[in-house]
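Spelled out, the chains give:
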Amino acid sequence: MDLTIAAILGLDGLTNGAIYALVALALVLVFSVTRIIFIPQGEFVAFGALTLASLQMGKVPGTVWLLLMMAVAAAVLDLVQGLREKRPLARISRGLTATLAAPVVLAVGVPPLIAHQPPLWLQVVLTLAIVTAMGPLLYRLAYRALSGASVLTLLIVSVGVHFALTGIGLVFFGAEGYRTPAFWEARFELGPLSLTGQTLIIFGASVVLLLAMFLFFERTLTGKALRATSVNRTGARLMGISGDAAGSQTFTMAAFIGALSGLLIAPSTTIYYDTGFLIGLKGFVAAVFGGLASFPMALGGAIGVGLIESFGSFYASAFKEVIVFTVILPVLLWRSFVDPHHEEH
Amino acid sequence: MKRSHLAAAAAVLVFALPFVPVPDFWITQLNYIGLFSLVVLGLVLLTGVGGLTSFGQAAFAGVGAYATAYLTTVMGQSPWLGLVVGIAITLVLALVIGALTLRMSGHYLPLATICWCLALYYLVGNLEALGKYDGLLGLPALQIGDFSFQSERRIYLLIWLAALLAAVGVTRLLDSRPGRIMRALNTNRGGGATMPEAMGASTFRYKLTMFVVAALLASLSGWLYAHMQRSVNPSPFGIKFGIEYLFMAVLGGIGTVGGAFTGAALVKLAEDQLKVWLPLVFGGSGNYEIIVFGVVLVLVLRFAPDGLWPLLARWLPARGHKTVDENAPRLSARKHPPRGAALLDVRKIRKQFGGLTAVNDISFTIRAGDIVGLIGPNGAGKSTTFNLVSGVLSLTAGEVELLGQRVDGRGSRAIARAGLSRTFQHVKLVPDMTVLDNVALGTYLRTRTGTLRAMLGLNAAEEAQARAEAMRQLRRIGLEAQAHELAGNLALGPQRLVEIARALASDPSLLLLDEPAAGLRHKEKAALAEVLRQLKAEGLSLLLVEHDMDFVMKLTDRIVVMEFGRHLMEGTPAEVQASPAVRAAYLGADE
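Top line first, the protein sequences correspond to chains R and W.
By my numbering, the letter at position 67 of the first sequence is numbered 67, and the numbering carries on one by one without gaps.
By my numbering, the letter at position 13 of the second sequence is numbered 13, and the numbering carries on one by one without gaps.
So here's chain R without its partners, still in its complex pose (with noise of 0.2 Å):
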C-alpha cells in the first residue's frame, strides 16, 4: 500500500466514523439519561435515508404512516389513563391534542406536496420531521411504563422495538436498497486525494451538531435537567425535572440524531430496510470504547471503527464486518481494567 491509497482509506474511514460518532453520541445520551441501551437507534438511520429516497421517487414515504399509527396509540394509552386517573377533559384534550398535532399534519400535507415535487431542501426538513416526531412516540409506547426497570429489562425491550421497527421497515419500504443522490456534486482536489462535498458535508454537519449539543448541555436549563437526570434520577425528580420527560427529550434528540446520521450516508452507501442495525451496533461499538458514559471517547471510538473498517475492507473486504465486530473484544479486555466492577446500589 502506497501513501495516496492510505489517504484516500483514511478520509473514507474518517467519513463513515464521523457518522458512527453521531450514531454513538446519540446512543450514549439516551443510556446516560435513561438507561436504555438503545438498539434501535439505527432504525432511525435507515427509516431517515429511506424516508428521502421514496420522497425523491415521488412516492409516500411509509414512515408518515408508522408515524401516524404509533400517534394514534400513544392518544389511546393516553385517553385511557386520563380516564383511569379521572384527570379533567380540557387537560386530557390538550395532552390529546399535543400528541396528534404533528403526526396528521405530516399525513394530511405530505401526499399532497409530493405531488408538486418539492425541492431538496424541503424533502429533508420533512424526513427530519417525520422521523424526529416517531422518537417521543416511541418512548411513550415502549419504554415509558417500564422507565424504572432493570437495563437488562429494557435492553430486552430495545431488542423487541428493533424486531418490530425492522420488520416494519420491510412492510414499507420492501427488501431492495436506496441511494439518495448527494446534497452537492463538488469535487474538490487536494493533492491526491479528491474530497466531495458531500464528505464536507457530513464533516460539517457533525462538527455542528457537536457543538450544538454540547451548547445544549451547558448552557440550556433543558439540556442542564438531562445532565441532572443522567447523574441521579431520584434526585433530579426531587428538584422538579419529569423523568418521562426527559426520556421523551432524549428520544426526540436520538430520533433527529438518526435522521440526520441516515440522510449523511445514503448517498454513499445502499441503504435496505435491515442496515440500520449493523450501523447503529458500530455506533455501540463505538461508544464502548468509552463505557456507554463518556462522549469524547465515543467520538474517538467512531473514527477508530471507521478507519477499522475501511482499512480491513482494503486488506480482506469479505470479512470486514468480522473484523469490526471482533475489535469488540479487545476494547472489553481493555474496559475491564480500567472499570472498577460496580454493580450494587
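Just so you know, the hints here were simulated from the structure itself, not pulled from any lab data.
Ranges of calculated distance between the beta carbons of each label pair, as one might list FRET restraints:
| no. | chain 1 | residue 1 | chain 2 | residue 2 | range |
| --- | --- | --- | --- | --- | --- |
| 1 | R | 239 | W | 587 | 27 to 35 Å |
| 2 | R | 239 | W | 333 | 48 to 56 Å |
| 3 | R | 239 | W | 457 | 49 to 57 Å |
| 4 | W | 450 | R | 239 | 44 to 52 Å |
| 5 | W | 303 | R | 94 | 27 to 35 Å |
| 6 | W | 334 | R | 330 | 40 to 48 Å |
Some chain R residues flagged as far from chain W (calculated, every beta-carbon gap over 10 Å):
| no. | residue |
| --- | --- |
| 7 | 5 |
| 8 | 87 |
| 9 | 91 |
| 10 | 105 |
| 11 | 112 |
| 12 | 114 |
| 13 | 116 |
| 14 | 188 |
| 15 | 214 |
| 16 | 218 |
| 17 | 225 |
| 18 | 249 |
The beta-carbon is built from N, C-alpha and C at its ideal position, and this holds for glycine as well.
Mind docking chain W on chain R? Use the hints.
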C-alpha cells in the same frame, strides 16, 4: 399427585409419542421444540437465575453444528468426535468471552454477545472451507452400533433425551450448593456479589460457570440440529435466532425450567402460523413475524414479566416441602479458639475516600467469647470500619489480624474462610428461596459439591447434611416453624434473624452484626436480644455495630466509641455511659 410424578408421566408420554401413529409433521415440530428448549434452558440459568443475558446463544449452537459438519464431511470423522470437538471449542470461546465481560457491569455481556454473534455469522459466511453462505451438505446420520438415527422419529428420541436430561440437570443444579449462590447473584432481583462473597463464594466463577453451561447446552443443540438436518448453513445461527431464543425464554417465563419448554413451543408454533398468515395480510414475502414477536416481547415484559409458565403452573400440584433428615451426619466444624484467646486484632486501620478520612487509625481487639459493641453518632465511620474488617472495602492503611492470621488487604472471601461471618444492615436474603435454603447457603464453605456433581445428582448426602445444619441453626434462633416459607414473605425482624442463622451456618469463630436492630419493632427487638443473649451464653464471639443504645448497653461486655472517624474511647457499658466525652459526642452538649 405430586409434581415429580406428573413430570415423570410427561416424560413417559414424550418418549411414547414416536411409537404411536401421530403425523410426521408433529414429530418434526417437536424435534424443533426440543432443540430450541435445550438452548433456552441455558438462558433460564443465565438470564432468569443469574440476571446476565446473551443474544449470542445461536452462535454457540452454530459452533457445535459447524464443528461436527466440518469434521464429518470434510475430514470424514465420526459425528461423536464432532460432538467432543464442538463442545471443546465452545468451552474455550465461552471462557474467553466470559472472562472479558463478566467482571464488568451486566450490560457489557449482551452487547459483546451481539457483536460476536454477528462476527461469527459473517466469518462462517465468508470462509471457503465452511462452504460460505451455502454451508456444508451431506452430514452423516448419527449412529450407535448398527442403530441409525436417520429418520425423524429416531433422532426425536435423542433430542428429547438431551432436552429432558438438561432440564433435570438444571433443576438439580438450581437446588444445590452452587445453585444457591447462582440464585443470589441476580441484580435484577435485589441480589449481587457482596453477600455470596461474604459467604466465601467467588461470584465471578459462578457467573462464568452459568455462561459456560448455557453455551454448552446451545452447542449440544447445534450438534443435534446438524445431524437432524444433515446439512448446515449460517442463517439459523445468526443474530435473529439469537434474539428469538431470548424471546422464547422471556415469553415462557425466564426463571423457570417449565418456561423454557413453554416458550420454545409457543414461539415455534406461532412462527409457523404467522409465516402463513402475515404474507397474506402484507403481501409479498419476508420475515414479517418479527414484527409480532417484537411487539409481543415488549407487551410481555410490561404486563407479564414472569412469562406464561407461572400462569400454567398454577394448575399444577404444589411443590412438596423438602424433607430434612435430622440424623444426617454433621458437617465438619471449625476448631474454635478457647475462651479468652486473641481473636481479632485491629491495628490502626484507616480509610480515605479522596480527601475525606472516614476511618482514622482505629484500633481495638476482641478476645474469644467477647461481645463488643461499636457505637458512635451518625457518620462516625462505624459501618466503614465494619466493612474494612470484613473485607468489603479495601484499607488505605493498617493491619487486621484474625486468629493470628493477617487478613488485611484480602477480600471478604478469604476473611470468611478465616472464620468470620457477618450480617448486613440492608438485609440480603434471596427472596424467592425458602428460609431453609437461605440458611443452607451459609454452609457454602463447609460443603464441596461443584456444578457438575450437582447436575448429575451426586450431592444427595452432602445436601442432607447442609439441610440438617440449616435446620439446626433455625431452631437455634427459634424460626424452625418458618423453614419452608419463602424468605421474601417474612417481616423484617424474622429476616434479620434468618441472616444471623445463615451466618451461624458457616460455623464462624467471630460473628459481625451490622445494625441488627435497625428498623425493628419493639417485640422484634426483644426477640433479637434474646437470641443474641443465648448465643453469648453459648460462648460465641460477637462484634456489633448498633445505633440503639439501650440494646447495646444490655448486651455487650465492652464498647468502642467512634466519632468523626476517630477512636473516642473504649470501656465497659457503665464507663461509656458515664463518659462526658461520649455524651458530648451524641448530644453536642458542652459541659
